[in-house]
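**Student:** So the chains spell out like this:
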Amino acid sequence: MVARVHLPAAARRGEVIEVRITVQHPMETGFRFELGGKPIPKNVINSLLVRYNGAQIFRAELGSGIAANPYLQFHTVARQSGEIEVSWVDDNGERGSERAAITVV
Amino acid sequence: MRARRRFFSLLAGLAAVPLLPARLARAQQADSFASVLKKITAGAPVKSGRVTVDTPRLADNGHSVPLSVSVDSPMTAADHVRSITLLSERNPRPLMATFHLDPVAGRAHVATRVRLNGSQRVLVIAQLSDGSWWSGDAEVEVTESACLDAS
Chain U
19 MVARVHLPAA ARRGEVIEVR ITVQHPMETG FRFELGGKPI PKNVINSLLV
69 RYNGAQIFRA ELGSGIAANP YLQFHTVARQ SGEIEVSWVD DNGERGSERA
119 AITVV
Chain X
6 MRARRRFFSL LAGLAAVPLL PARLARAQQA DSFASVLKKI TAGAPVKSGR
56 VTVDTPRLAD NGHSVPLSVS VDSPMTAADH VRSITLLSER NPRPLMATFH
106 LDPVAGRAHV ATRVRLNGSQ RVLVIAQLSD GSWWSGDAEV EVTESACLDA
156 S
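Chains U and X supply the protein sequences, listed in that same order. If you read the first sequence in my numbering, its first letter stands for residue 19, the second for the next number, and so on. If you read the second sequence in my numbering, its first letter stands for residue 6, the second for the next number, and so on.
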């Protein structure tokens with residue numbers, strides 16, 4: 019699974035920054051059928067966690083009401099240089115993670 | 006005469022049958038929205054206000070509708086938004102997502118893209134750090150539904 023974490027490359031200490039995340043995932047609803055009529059089982063990213071230098075800053079519980087290739091945007095305060103890491107798990111138990119670096123001046 | 010009467014009553018009974026499941030299904034959906042809301046808030050009162058929901062008034066495609074939420078909050082350790090929940094009135098699963106915010110967020114604002122099964126009102130409820138619930142909503146006109154329940 020592929021994901022992108024979008025951050026400003028640099029920020030001033032104490033500045034509120036925008037974090038944007040996209041994860042490549044079909045977010046299968048469980049209401050669709052294959053051509054032969056067989057139902058496609060539900061498989062969505064049900065839990066997503068974001069950490070800033072190891073400390074949790076955001077958590078999301080998602081359902082089938084979130085569009086495919088989920089996009090999430092939220093804010094955090096730039097405290098120190100380091101990394102923001104997103105990790106997730108889907109209904110099939112598949113896990114993934116992605117990270118981005120930030121420089122705080 | 007009696008046979009004919011019985012025949013007609015049977016006919017009337019048959020005609021009533023197909024209507025029943027549809028009405029039941031609709032009642033169930035409405036029920037489940039209320040029960041989902043009640044389950045989240047644990048029956049606590051939800052006040053209207055402080056939550057602003059932003060969506061396009063007209064969405065061409067129900068498969069991906071941009072939605073952003075901001076909550077009027079200072080976002081300090083003593084007074085912040087604990088969670089934001091997105092609810093749909095017409096989706097087969099009304100609970101779309103819950104976001105848990107930390108006081109370090111600086112700004113109580115989240116955005117995502119949702120699936121909507123037809124034109125409807127989207128309800129967003131937020132819980133503050135003092136435990137109180139607030140809500141805001143937005144009407145969305147969906148021209149092409151996400152057809153979540155394949156109906």
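One thing to keep in mind: the hints can contain errors.
What the hints assert, rightly or not - Computed cross-link-like contacts, SDA-like style, restricted to lysine to any residue with a CA-CA straight-line distance of at most 20 Å:
id: 1; chain 1: X; residue 1: 43; chain 2: U; residue 2: 109
id: 2; chain 1: U; residue 1: 60; chain 2: U; residue 2: 50
id: 3; chain 1: U; residue 1: 60; chain 2: X; residue 2: 68
id: 4; chain 1: U; residue 1: 60; chain 2: U; residue 2: 48
id: 5; chain 1: U; residue 1: 56; chain 2: U; residue 2: 109
id: 6; chain 1: X; residue 1: 44; chain 2: X; residue 2: 105
id: 7; chain 1: X; residue 1: 44; chain 2: X; residue 2: 88
id: 8; chain 1: X; residue 1: 43; chain 2: X; residue 2: 59
id: 9; chain 1: X; residue 1: 52; chain 2: X; residue 2: 137
id: 10; chain 1: U; residue 1: 60; chain 2: X; residue 2: 98
id: 11; chain 1: U; residue 1: 60; chain 2: X; residue 2: 150
id: 12; chain 1: X; residue 1: 44; chain 2: U; residue 2: 56
id: 13; chain 1: X; residue 1: 52; chain 2: X; residue 2: 66
id: 14; chain 1: X; residue 1: 52; chain 2: X; residue 2: 143
id: 15; chain 1: U; residue 1: 60; chain 2: X; residue 2: 118
id: 16; chain 1: U; residue 1: 60; chain 2: X; residue 2: 69
id: 17; chain 1: U; residue 1: 60; chain 2: U; residue 2: 42
id: 18; chain 1: X; residue 1: 52; chain 2: X; residue 2: 68
id: 19; chain 1: U; residue 1: 60; chain 2: U; residue 2: 112
id: 20; chain 1: X; residue 1: 52; chain 2: X; residue 2: 85
id: 21; chain 1: X; residue 1: 52; chain 2: X; residue 2: 97
id: 22; chain 1: U; residue 1: 60; chain 2: U; residue 2: 74
id: 23; chain 1: U; residue 1: 60; chain 2: U; residue 2: 46
id: 24; chain 1: X; residue 1: 52; chain 2: X; residue 2: 150
id: 25; chain 1: X; residue 1: 52; chain 2: X; residue 2: 136
id: 26; chain 1: X; residue 1: 43; chain 2: X; residue 2: 53
id: 27; chain 1: X; residue 1: 44; chain 2: U; residue 2: 64
id: 28; chain 1: U; residue 1: 60; chain 2: X; residue 2: 103
id: 29; chain 1: U; residue 1: 60; chain 2: X; residue 2: 97
id: 30; chain 1: U; residue 1: 56; chain 2: U; residue 2: 89
If you're looking for bench data, these hints aren't it; they were derived computationally from the structure.
**Student:** Give a verdict on every hint.
**Tutor:** Here is what the structure says about each hint:
1. At roughly 25 Å between alpha-carbon atoms, residue 43(X) and residue 109(U) are farther apart than 20 Å, so this suggested pair is violated.
2. Simply put, residue 60(U) and residue 50(U) have alpha-carbon atoms about 9 Å apart, close enough for the 20 Å limit, and the pair holds.
3. In summary, the hint linking residue 60(U) to residue 68(X) is supported, as the alpha carbons are separated by about 16 Å, within the 20 Å threshold.
4. Of the supplied pair hints, the one linking residue 60(U) and residue 48(U) holds, its CA atoms being roughly 4 Å apart against a limit of 20 Å.
5. Distance check on the hinted pair: residue 56(U) and residue 109(U) sit about 19 Å apart at the alpha-carbon level, within 20 Å; holds.
6. Straight-line distance between C-alpha atoms of residue 44(X) and residue 105(X) comes to about 17 Å, which keeps the hinted pair within the 20 Å bound.
7. Between the alpha carbons of residue 44(X) and residue 88(X) the distance comes to roughly 15 Å, so the proposed pair stays at or under 20 Å and holds.
8. Between residue 43(X) and residue 59(X) the alpha-carbon distance is near 24 Å, which puts this suggested pair outside the 20 Å criterion.
9. Between residue 52(X) and residue 137(X) the alpha-carbon distance is near 8 Å, which keeps this suggested pair within the 20 Å criterion.
10. Our distance criterion of 20 Å between C-alpha atoms is met by residue 60(U) and residue 98(X), whose separation comes to about 12 Å.
11. With a C-alpha separation of about 19 Å, the suggested pair residue 60(U) and residue 150(X) falls inside the 20 Å cut-off, and the hint holds.
12. Our distance criterion of 20 Å between C-alpha atoms is broken by residue 44(X) and residue 56(U), whose separation comes to about 32 Å.
13. Using a Cα cut-off of 20 Å, the hinted pair residue 52(X) and residue 66(X) is violated, with the two alpha carbons roughly 31 Å apart.
14. Distance restraint check for residue 52(X) and residue 143(X): the Cα-Cα separation of roughly 16 Å lies within the 20 Å cut-off, and the hinted pair is therefore satisfied.
15. Of the supplied pair hints, the one linking residue 60(U) and residue 118(X) holds, its CA atoms being roughly 18 Å apart against a limit of 20 Å.
16. Straight-line distance between C-alpha atoms of residue 60(U) and residue 69(X) comes to about 18 Å, which keeps the hinted pair within the 20 Å bound.
17. This hinted pair checks out: residue 60(U) and residue 42(U) have alpha carbons roughly 16 Å apart, not beyond 20 Å.
18. A C-alpha spacing of about 30 Å is found between residue 52(X) and residue 68(X), which places the hinted pair above 20 Å, so the restraint is violated.
19. Under the criterion of a C-alpha separation no larger than 20 Å, the hint pairing residue 60(U) with residue 112(U) is consistent with the structure, at around 13 Å.
20. A hinted pair counts as satisfied when its Cα atoms are at most 20 Å apart, and residue 52(X) with residue 85(X) qualifies at roughly 16 Å.
21. Restraint check for residue 52(X) and residue 97(X): not satisfied, since their Cα atoms lie roughly 25 Å apart, outside the 20 Å limit.
22. Of the supplied pair hints, the one linking residue 60(U) and residue 74(U) is violated, its CA atoms being roughly 28 Å apart against a limit of 20 Å.
23. Pair hint residue 60(U) plus residue 46(U) holds up; C-alpha atoms about 5 Å apart against a cutoff of 20 Å.
24. Between the alpha carbons of residue 52(X) and residue 150(X) the distance comes to roughly 30 Å, so the proposed pair goes past 20 Å and is violated.
25. The straight-line distance between the Cα atoms of residue 52(X) and residue 136(X) is roughly 12 Å, inside the 20 Å bound, and the hint therefore holds.
26. Distance check on the hinted pair: residue 43(X) and residue 53(X) sit about 16 Å apart at the alpha-carbon level, within 20 Å; holds.
27. Pair hint residue 44(X) plus residue 64(U) holds up; C-alpha atoms about 18 Å apart against a cutoff of 20 Å.
28. Pair hint residue 60(U) plus residue 103(X) holds up; C-alpha atoms about 18 Å apart against a cutoff of 20 Å.
29. Distance restraint check for residue 60(U) and residue 97(X): the Cα-Cα separation of roughly 13 Å lies within the 20 Å cut-off, and the hinted pair is therefore satisfied.
30. Straight-line distance between C-alpha atoms of residue 56(U) and residue 89(U) comes to about 29 Å, which puts the hinted pair past the 20 Å bound.
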